[in-house]
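Chains as they are written, first to last, in our numbering: chain A, 33 to 128; chain B, 1415 to 1702.
Check the hints yourself; a few may be wrong.
The list that follows gives simulated cross-link-like pairs (lysine-lysine, DSS-like), each with its CA atoms no further than 30 Å apart [as the list claims (entries may be wrong)]:
id, chain 1, residue 1, chain 2, residue 2
1, B, K1583, A, K59
2, A, K59, A, K97
3, A, K108, B, K1447
4, B, K1621, A, K102
5, A, K97, B, K1495
6, A, K97, B, K1583
7, A, K97, B, K1654
8, B, K1517, A, K86
9, B, K1495, A, K86
10, B, K1447, A, K102
Hint data in this document are derived by calculation from the structure and do not stem from the laboratory.
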Amino acid sequence: MLNTVMLLSALMPIPQGPQFAPPVRLKGGDAFVAVEAPGFAAPSWHDVDGDGRKDLVVGQFRDGKMHLFKNEGDGKLAAGTWIMAEGNIAQVPGVW
Amino acid sequence: MDLDGDGNLDILSGSYSRDGEDMAGLFQVLHGKADRTFAAATVLNGSDGQPLILPTRGGRDNITDRICTRPFAVDLDGDGKLDIVSGNFTGTFAWFRGEGNGKFTPTSEPLPATGKLQVDAHSDPFLIDWDGDGDFDLLSGSSAGGVFLFANDGSKTEPEFGKRQTLLKPAGHGHDGDGELVFGDAHLQGPQGSTRVWADDVDGDGKLDLLVGDTVTLHFCADGVDEQTARSKDAEWQKKQQKLFESMTGDDADARAQFQKAWEELRAERETFLREQMTGSVWLLRQQ
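With the rest of the complex left out, here is chain A (with noise of 0.2 Å):
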């Protein structure tokens, strides 16, 4: 019997580390969360706004523009507004 339980648990596979639920594909109001040509979506996840809510902030290759989506609660983010600076879009030079 204990020889059986062993060679169960060695069949078995045995959690390594993390475990994680299957990835939930992020949406900022009824659209997921999407970034221009060509692509590299770069999140962070700060108070941006002063509400006590984390946001999303999502930088992109393209012009290296930030686009900034507000916590609204209950797991829920608002559509995308870009992050401005001076009146102006944000962009990181050297980012094309």
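Given chain A's structure and the hints, the job is docking chain B onto it.
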């Protein structure tokens, strides 16, 4: 993060390269203001007044060492001053020590490690106490995708990163472009290539989750073309593409121009039945 210690949230970014000089991705900062708006991006200088630049091994083959894929500000050695850990195109990690108040040493050093500290390309450092032992561990995405952990086997003041562990298996280069042509985005089940990582307790259950950005090429039928026709035409097109690449001979300007013209014509032909869209998504991986 608050890079300059003025109490306002700043944005720190890497970049691909400056113009007009040797290739080097500069660090850029959008300083936050008290009203929660941001100033335009400015180059981050070292304490010598010159732009912070990643080191290179030298030589034409290693110019990608200086492409800054991601900087991350963190007090890595516990001295109360923010440091910068940066990734690069090559896939390694550089450490610029902080001197306080948003100042950094002009030269960097490799992150201390027990072995090879590298991802395949496009290193993407994110530092957090992932294993809860009180020091900063290193997470990274990569060009091939996936999420990797290099646990800190050193201490809070003397970090030393251990062997690479895989938290999320890489999707691999060209994952979305190999095999049978798939249309739309409904087939996407998780992060693809060129992953960018953030870790936080996003769902508030007390466990660290992962936010993972990626890059993917999606395919759509051109207007008036059905999937079967697009798939059939693309199979023929792939043969033409292979033939074109095999026919390329010579490396002089004329040969390159001739190849470029033929390539552009072939690309235009493909667009009559197939549309490509490069984009990227953000995925939430909740830790259970």
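Against the structure, the hints come out as follows:
1. In summary, the hint linking K1583/B to K59/A is supported, as the alpha carbons are separated by about 23 Å, within the 30 Å threshold.
2. With a C-alpha separation of about 18 Å, the suggested pairing of K59/A with K97/A holds against the 30 Å cut-off.
3. About 27 Å separates the Cα atoms of K108/A and K1447/B, which keeps this hinted pair within 30 Å; it holds.
4. Distance hint between K1621/B and K102/A is fulfilled; the C-alpha atoms sit about 22 Å from each other, no more than 30 Å.
5. Pair hint K97/A plus K1495/B holds up; C-alpha atoms about 28 Å apart against a cutoff of 30 Å.
6. The straight-line distance between the Cα atoms of K97/A and K1583/B is roughly 28 Å, inside the 30 Å bound, and the hint therefore holds.
7. Our distance criterion of 30 Å between C-alpha atoms is broken by K97/A and K1654/B, whose separation comes to about 37 Å.
8. Using a Cα cut-off of 30 Å, the hinted pair K1517/B and K86/A holds, with the two alpha carbons roughly 27 Å apart.
9. About 24 Å separates the Cα atoms of K1495/B and K86/A, which keeps this hinted pair within 30 Å; it holds.
10. Distance hint between K1447/B and K102/A is fulfilled; the C-alpha atoms sit about 18 Å from each other, no more than 30 Å.
In the structure shown, a violation is registered for the earlier hint numbered 7 alone.
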